[in-house]
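*Asks:* Given chain A's structure and the hints, the job is docking chain B onto it.
Protein chains: 2
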Amino acid sequence: MTFRSARATARTSSEARAVARTQTLLKGEHGIGTVRKTTLPGGLRVVTETLPSVRSATFGIWALVGSRDETPSLNGATHYLEHLLFKGTQRRSALDISAAVDAVGGEMNAFTAKEYTCYYARVLDTDLPLAIDVVCDMLTGSLILDEDVDAERGVILEEIAMTEDDPGDVVHDLFARTMFGDTPLGRPVLGTVDTINALNRSQIARFYRKHYDPTHLVVAAAGNVDHATVVRQVRRAFDRAGALTRTEARPVAPRDGHRKLRAAGRVDVLDRRTEQAHVVLGMPGLARADDRRWALGVLNAALGGGMSSRLFQEVREKRGLAYSVYSYTSGFADCGLFGVYAGCRPSQVHDVLKICRDELDRVAREGLADDEIDRAIGQLSGSTVLGLEDTGALMNRIGKGELCWGMQMSVDDMLANIAAVTPDDVRSVAREVLGQRPSLSVIGPLKDKQANRLHEAVS
Amino acid sequence: MTFRSARATARTSSEARAVARTQTLLKGEHGIGTVRKTTLPGGLRVVTETLPSVRSATFGIWALVGSRDETPSLNGATHYLEHLLFKGTQRRSALDISAAVDAVGGEMNAFTAKEYTCYYARVLDTDLPLAIDVVCDMLTGSLILDEDVDAERGVILEEIAMTEDDPGDVVHDLFARTMFGDTPLGRPVLGTVDTINALNRSQIARFYRKHYDPTHLVVAAAGNVDHATVVRQVRRAFDRAGALTRTEARPVAPRDGHRKLRAAGRVDVLDRRTEQAHVVLGMPGLARADDRRWALGVLNAALGGGMSSRLFQEVREKRGLAYSVYSYTSGFADCGLFGVYAGCRPSQVHDVLKICRDELDRVAREGLADDEIDRAIGQLSGSTVLGLEDTGALMNRIGKGELCWGMQMSVDDMLANIAAVTPDDVRSVAREVLGQRPSLSVIGPLKDKQANRLHEAVS
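From first to last, the protein sequence lines stand for chains A and B.
Taking the UniProt record's numbering, the leading residue of the first sequence gets 1, the next gets one more, and so forth.
Taking the UniProt record's numbering, the leading residue of the second sequence gets 1, the next gets one more, and so forth.
Incorrect hints may have been included.
Pairs involving identical chains hold if they fit within one copy or between any two copies, as the list cannot separate such chains.
Said to hold, decoys possible - With a Cα cut of at most 25 Å, we get these calculated DMTMM-like pairs of lysine to aspartate or glutamate: (1) Lys447 with Asp390; (2) Lys27 with Asp125; (3) Lys27 with Asp390; (4) Lys27 with Glu147; (5) Lys447 with Asp271; (6) Lys318 with Asp146; (7) Lys447 with Glu159; (8) Lys354 with Asp412; (9) Lys354 with Asp374; (10) Lys449 with Asp290; (11) Lys447 with Glu275; (12) Lys260 with Glu29; (13) Lys27 with Glu456; (14) Lys27 with Asp424; (15) Lys400 with Asp169; (16) Lys210 with Asp194; (17) Lys318 with Asp351; (18) Lys400 with Asp69; (19) Lys260 with Glu107; (20) Lys210 with Asp133; (21) Lys210 with Asp448; (22) Lys447 with Glu164; (23) Lys318 with Asp374; (24) Lys447 with Asp169; (25) Lys27 with Asp194; (26) Lys449 with Asp268; (27) Lys318 with Glu82; (28) Lys354 with Asp148.
No wet-lab data here; the hints were simulated from the structure.
Computed from a predicted model, the values in this text were never measured in an experiment.
So here's chain A without its partners, still in its complex pose:
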């Protein structure tokens, strides 16, 4: 199949070159897929993971643009644009787009983050050509009409209002502001009511032209897919839009950055009439590609990653002080965050914060016990493999790998990295990360006296 389609597409020298650029990056076995990559002339990367045992396929296009690329007045433009790409192209109305995927029972959606945006459709493998056609059309042929900008403004304002009604969500936005301040990484992905009301068509259209060049995109497909067929269909779709004419263009490199994060001891409180106080206590973490991330992952699992973790045991299991309590890491190109979330009734917030802070300090001082580390390594390994049965998760892994890392890591290598974490590695990263002075974000109905005491948790 590969050979035949290679011959069929190798009609011109640039096409021949494109075919020549196809590489097998990872060989599959035991339910793990084979990962292949082709770079098309015009600088468009196509990666696929072939897993013939499934009946579905997920097709996605990743763009190297996120809210981090916005100026203050453009805040929310990336996400606004994401919505507008569903509103119609030269060939399709908004209804045509959604009806095409609905008609085959597919799931189509998109997500905008601080450093990237992704559009995807999950369909039965037999419907993959349709998914490729629709998603490529959306990305290359969006009209961005004035009337759609106006109608969608209302939808986004509703999305902001809906998010505001979920304090467990808002507190994470608040924590980003606490840690990053009024900078691109500190501002919300959705933008604000003010910026959304102020954005106009020409600003958004300019943003589209600038950030959706094929050199900034990665196409990813996973499931029961044939690499050469996907490449051929993607190429045809982009060619039709005239998007691959700069034949010598090269893909852009993964995002770089030089953000130094020094927030410490900050406290932000948003007064809301909620039932629970929602808190995030945290500190600077590690950049996405930091070598110590495997040790931090083990640390995070043991500290607040599961029901047997220290925070779950101390806060919920032994004392019944919260329903939801967990820790997490998030990594960007050049910096990261480590945070602990808890939701509890306002009268218990000081107890909960004290337990969390004590645990962070204790682990920073003493590291973890060997059995905790063994369990955390088992947890990460098992969940890594369990996470690979969904074609959407596979598509995310290879698409994000290509866009954000410029590489693909095999599952075996991931498991080997996890298994290689030693108690010393964990102690060292615990000292470095958890040993920092934390900051705190809180949403809830805290009276002045209570709010003043919050500083104890970060002193």
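*Replies:* Then chain B, alone, in the frame of chain A:
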């Protein structure tokens, strides 16, 4: 494998009878699993779906008990008990339970509904014996200690507070109350602060003994599992707990009921300082096993099931009045609900309700266009097949099938039922369901004048 294990377990006459009761209910092919069932002496049913192409397995135990089985003063007991089953057995502490599954990267959880409760663990196939051992131990050997009842009371009060902070969730509880009033189906699964504070150990322990008899349970496993091996392990675990001694006991039949639902024109408003008004407009629907459910499913998909559906197009796509708008059906043993949810800023609530009501009325009068029906049939068929790649979804399907329906339906039969829906079927069920006078539940900051106008939507 089947033959060998059948011989190995057939040591006594009751065991031989158990083996004789194993049936193959559905034959698998093309990525669809084979479904087998064994009824053990003691009345315990074990169903499995074997899908050798995956590497994971999900193991679950379903109990025929939900909040519908609670008296007013016991409201919340089913869910409270669900929490307590994680707190320890004769053989394991709460930490032992969670650590066992965390250590292999598994996902363990439970959910309580109005008519059933389910406990499950999703693990790598090689860890299935561990999952069986832990979940069976939790179900058969729970201690329900006084001290755990007290600690967990705090956790559940936090869960209630957390739910209260999510108005998009609370409005569905409110809608149940609007439609069912102060009856078992109208009361919240979580209970209330008052009932949770009042429940004591002996009430909950009595509830446990009454509702967790093996005749009320269904064991379900799906993924890369071997039926005979699962049956043998489950039997050993239940035998160890002395739970299968009433050898002549027979499984209880699926739940029956005689609830007549006549709510019409009711309006409930909960005043909250939220950003959005959250509304559910709806009416009586169909019981779970009603023959017209396939036509109602098609109707629901076309009306509010996807991005190309009428409500999404009219409310969001054309007018930008909401971010989230959809319709849904829920079916119980003897009755059901059909509802439309929307979240929008309070100033727009009357416009949104008018559009939704007009659309319900129009479809009740005219039915749907042929192309809408074709698309909805395609949507339901595709999403049905796409929904079968996850072993958790498979386990839910066979477990719930056994407990709530007493039967297993093949995917081909489901697809045939969907494909057989005609425009006349849709018109008929639309007239019957959507033609009823709706009721309305609203959460949001509505002023008196606004609140009074809400009655227009149900007049």
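*Asks:* None of the hints should be skipped; say for each whether it holds.
*Replies:* Each hint, compared with the structure:
no.	hint	result
1	Lys447 with Asp390	neither (46 Å within a copy, 47 Å between copies)
2	Lys27 with Asp125	both (21 Å within a copy, 22 Å between copies)
3	Lys27 with Asp390	both (18 Å within a copy, 24 Å between copies)
4	Lys27 with Glu147	neither (48 Å within a copy, 53 Å between copies)
5	Lys447 with Asp271	both (9 Å within a copy, 23 Å between copies)
6	Lys318 with Asp146	between (57 Å within a copy, 13 Å between copies)
7	Lys447 with Glu159	between (29 Å within a copy, 23 Å between copies)
8	Lys354 with Asp412	neither (40 Å within a copy, 56 Å between copies)
9	Lys354 with Asp374	neither (27 Å within a copy, 59 Å between copies)
10	Lys449 with Asp290	neither (41 Å within a copy, 58 Å between copies)
11	Lys447 with Glu275	both (14 Å within a copy, 22 Å between copies)
12	Lys260 with Glu29	neither (41 Å within a copy, 56 Å between copies)
13	Lys27 with Glu456	neither (53 Å within a copy, 63 Å between copies)
14	Lys27 with Asp424	neither (33 Å within a copy, 52 Å between copies)
15	Lys400 with Asp169	within (23 Å within a copy, 32 Å between copies)
16	Lys210 with Asp194	within (23 Å within a copy, 58 Å between copies)
17	Lys318 with Asp351	within (13 Å within a copy, 49 Å between copies)
18	Lys400 with Asp69	within (17 Å within a copy, 48 Å between copies)
19	Lys260 with Glu107	neither (39 Å within a copy, 36 Å between copies)
20	Lys210 with Asp133	within (23 Å within a copy, 57 Å between copies)
21	Lys210 with Asp448	neither (47 Å within a copy, 49 Å between copies)
22	Lys447 with Glu164	both (21 Å within a copy, 20 Å between copies)
23	Lys318 with Asp374	within (23 Å within a copy, 55 Å between copies)
24	Lys447 with Asp169	within (22 Å within a copy, 27 Å between copies)
25	Lys27 with Asp194	neither (50 Å within a copy, 59 Å between copies)
26	Lys449 with Asp268	within (15 Å within a copy, 37 Å between copies)
27	Lys318 with Glu82	between (44 Å within a copy, 17 Å between copies)
28	Lys354 with Asp148	between (50 Å within a copy, 23 Å between copies)
Figure legend: structure checked against the earlier numbered hints; hints not met, in rising order: 1, 4, 8, 9, 10, 12, 13, 14, 19, 21, 25.
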